[in-house]
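Protein chains in written order, with my numbering: chain X, 1 to 223; chain Z, 224 to 649.
I should point out that these hints are in silico values taken from the structure, not numbers from a laboratory.
Don't take each hint at face value.
Which bits of chain X does chain Z cover? Going by a derived footprint, with three or more residues having C-beta under 8 Å, they are [stated by the list, open to error]: (1) 102 to 113; (2) 126 to 140; (3) 167 to 177; (4) 206 to 220.
Computed beta-carbon distance windows for the label pairs [stated by the list, open to error]: (5) X:201 <-> Z:601: 55 to 63 Å; (6) Z:484 <-> X:72: 55 to 63 Å; (7) X:35 <-> Z:597: 53 to 61 Å.
For each residue, glycine too, the CB sits at the ideal point set by N, CA and C.
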Amino acid sequence: MKILIVEDEPQMLQNMRQSLEKEHYNVEAVSDFSSASEKIGVYNYDCILLDIGLPDGNGLELLKLLKKLNKDGGVIIVSAKDSLDDRLKGLDLGADDYLPKPFHMAELHARVKAVMRRRNFDGNKIVEVGNVIINLENRSVHIEEKEINFNRKEYDILMYLITNKARLVTKAALAEHVWGDHIDQADSFDFIYSQMKNLRKKLENATINVEAVYGVGYKLQIS
Amino acid sequence: MKLLNYTSRYLALLLLLLISVWAVLFYYAMLDEIYDSLDDGLENQKFLMVERATEDPSILLQDDPEFKKHIYNFTPISKETYQNFKESYRDTLMYMLNEKDFEPVRVYESAAVYGDKYYKLKIITSMVEEDDLVQHLAVYLIGLYLILLVSILFLNNLLLKRIWKPFYSLIDQLRKFKIEKGIPIVIQYTPIEEFNLLNTTVEKLIRKSSDSYIAQKQFIENASHELQTPLAISINKLELLLENNDLTKDHTEDLATILDNLGRLTRMNRSLVLLSKIENKQFEIEEEVDFAILTKHIVADFEDLAEHRNMKIKIVSNHLLKLQINEDLAIVLLINLIKNALVHGKKGSEIKIDIQPNSLQISNFGDPESIDETSIFKRFATASNSKKSTGLGLAIAKAIANRYSINLSYNFNKTHNFLLEFPSGD
């Protein structure tokens, strides 16, 4: 799967590239408007991570270009300027998502995967991890052929961890993803613990399990 | 007290004083003139009497000391007395038949000689009635005073009002002036130099404050934006580092602590951006938001956090409460207040949300010491020891409330109460 990163900040670019390459994506990167439009003109990408504030042009223009060229890759706008205006304009111009900086790497993966799923696997709505089978359409979870009932939060946590499997997901990243951004000022993210306990109980017969890492975060382990 | 009335009051007092002094002076001057003229008349009378006596000496003999028949009387005197005689005018009282009262008369005493006989001559004339005079004078002066007063007030109101119009216009605009609204002050033309000076000074001052206000606003917004990228880089680098499986427990925990603090910095930064955005009047889209439904949703979102703190959020009454507002801001407003109650509320206690047709109150138990009601909504006025609080939550809530003319107030009465009073009418 091919991903293009358009980002003028070299370190930001490096972080994203490094993290995405770990997931075995084929990552290409450019850092200005002109080389981005060149690449877009020549190649097809499954997903483009697009910074709007480029030194030699507005990233929104690239969206227009993509539309004109009839490219059907997904686009996630990555912007330091969390502006409602840009968000609406971007989504209006065909972007799939808008991710304001700073974001958690785990969140980036979740968004990229969501876009990929939406764009590329229209027929494939099943995710299989170990002996756990998840139907994305009706959000049902089967373990060893037996349906287990997950509530919304448990399901979201599970999906988030599966998306970021074998990677340490911090409590903050998890809380913000599942409970929403506004949970941010809560005095600690320890409240996740009770949901996590229930989730673990439901995964009793699964070959995957959620491992707590030094009270810092969680990691999905496949045995 | 208005300037206009202020000057009028002093003018009235001054006039009263002036007219009183003037009345006294005028009275004595007039009295003096009257006496003078009476005395002249009496003296003239004497010459007439003396002439008449030569034609009709009988008048010299009549004895009428009480002035019953005539207004004159001759009394024989000795030569020595005559020689030492001094003419005199004096006032005395006499019974007047018409008035049926004692009234003042002027008596003129002089001496005359006929042949070898000497006489003392007394002539009287009726005097001006001083009490009447004073009374009439007073009435007329009071009349004058009132007329003057009315005309001054009239003039003040008509003329001064017109003269002071630019001034009042300026004051009115200054009163309504809000720096965040950015509506400039409109200066009226005035030929009066002082007002022009005032106007230009005020104009300059306002332009300067507005400029620095805008600059400050932009600075906060720009600074916050510029901070996002380095924050993002640091957070992501650390997250990548955390994924490294070789890290020891201590290293992992240290990294987590750094990440936590960067997260706090991010939240603070986002809050600052949000604050400036609210103050910059972004978030233009408005819709009718049902606060009762919204509250229910938000309370549900916070269920886990509440449970973790062993607290309960109870919506005690649930009236219909709607307002035309940007939905995102309405959410932020409620979230910040509910979160504040959750974070600062006593563990194991209950948070009450009371929704009335025109207000919404969130109450929580907490440390009884009352918080300063004026500074609680200020930025970074955090009183708690909670390290994760940005100190901006209530400032943001206040900014949103202000933006939509909702009155947000705090009071302590066994519980900490945050009350939102919605504008009535729409």
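Hints the structure fails to honour: Hints 2, 5, 6 are the ones this structure does not satisfy, whereas the remaining hints hold.
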